[in-house]
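UniProt numbering puts the first residue of the sequence shown at 1, with every later residue one more than the last.
Check the hints yourself; a few may be wrong.
Unchecked claim - Distance windows between CB atoms, simulated: (1) Q40 / Q206: 52 to 58 Å; (2) G267 / P57: 40 to 46 Å; (3) S44 / F97: 26 to 32 Å; (4) T52 / Q313: 49 to 55 Å; (5) R163 / Q47: 42 to 48 Å; (6) Q206 / E30: 28 to 34 Å; (7) S44 / N282: 32 to 38 Å; (8) S44 / Q297: 30 to 36 Å; (9) L53 / Y235: 18 to 24 Å.
No lab work stands behind these hints, which were simulated from the structure alone.
Using N, Cα and C, we set each Cβ at its ideal position, and we do this for glycine too.
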Amino acid sequence: MAVLRKVGIIGIGHVGAHVANAVLSAGLAEELKLCDINEQKVVSECQDLSDTLSFYPHNCVIGNYGTQYEQLADCDVVINAAGDVKTSAKDRDGELFVTTDIARTWISRLFNAGFHGVIITISNPCDVVATEIWHITGCDPRKIIGTGTALDSARLRNAIAKRVNVDQKSIGAYMLGEHGNSQFAYWSNVNIAGKPLAQLAQDNPQRFTLDEDETEQDARRGGYRVYAGKECTEYAIAATAARLTQAVLCDEHYAAACSTLLTGEQGESGNYASLPCIIGANGVEEVLNPTLTEGEQAKFHASCEHIRANIAQLAWWDDECHPTLRS
1 MAVLRKVGII
11 GIGHVGAHVA
21 NAVLSAGLAE
31 ELKLCDINEQ
41 KVVSECQDLS
51 DTLSFYPHNC
61 VIGNYGTQYE
71 QLADCDVVIN
81 AAGDVKTSAK
91 DRDGELFVTT
101 DIARTWISRL
111 FNAGFHGVII
121 TISNPCDVVA
131 TEIWHITGCD
141 PRKIIGTGTA
151 LDSARLRNAI
161 AKRVNVDQKS
171 IGAYMLGEHG
181 NSQFAYWSNV
191 NIAGKPLAQL
201 AQDNPQRFTL
211 DEDETEQDAR
221 RGGYRVYAGK
231 ECTEYAIAAT
241 AARLTQAVLC
251 DEHYAAACST
261 LLTGEQGESG
271 NYASLPCIIG
281 ANGVEEVLNP
291 TLTEGEQAKF
301 HASCEHIRAN
311 IAQLAWWDDE
321 CHPTLRS
């Protein structure tokens, strides 16, 4: 008997709706379960997506579950896209209290209903929300994945590609740390077809010598350039979440920078942040702890400090970094 792949999405705003479309366009699920507090929004999105089924790779049962989060317990992957993007117009930290409060409305209900799948969380600040989900559930942290800098890494590859006239899919480049202003480019490992960018710059300086600060800023601020004209970001982050979903559902062992619980990598532990990871059926199967330069290590530590400062606004921490939520 065929095994049906089930995907749930919590939060069907700009991002969640596009995630649904991306999942269906890639033919990743036989059943898609949508949840949102706005009842009519889910009704409308279900209708629109169902009207498009003739053009997707294969059929899919699309269900409106409102706030019945327990009904997502049998999903292989649940994607958290709930939030209020307007509160992050200037800074991703702006959603700190909104998204964590929203997350607390469904996390325990989903896991108490028997959920054993993988959570992919988009909501910002991404690293804090991922850490919060782990804290509340106490589940295997590798089954909670923050999209983290997977999108920022794509933005970095795009920024480099425009400057050197090479297809961005042929560029190996990552942004690491926080999905926020403290993220940084892992310049010491940027390569094109396996050849380090530094060597390419030596061979052809006119083409491959970049203003690294400017290029990195394009990646860091890319989301705000999008927001400036449309007051949301949607396509790229939806594709990011769908790509990670594919890696889980297809057990791909796919390599990507994403937010995962740190357990000593780079001397950090107790919070989520982005490093290169291998993604498969069980979530983060391996963290590829990279060799950073001294300067990159300092940036990673600063990024983790910023994440922990945000977490500290939500919880008290004991000596082992285990939280007690404030009432």
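Notebook entry, point to check: Hint numbers the structure violates, sorted upward?
Noted result: 4, 6 and 8
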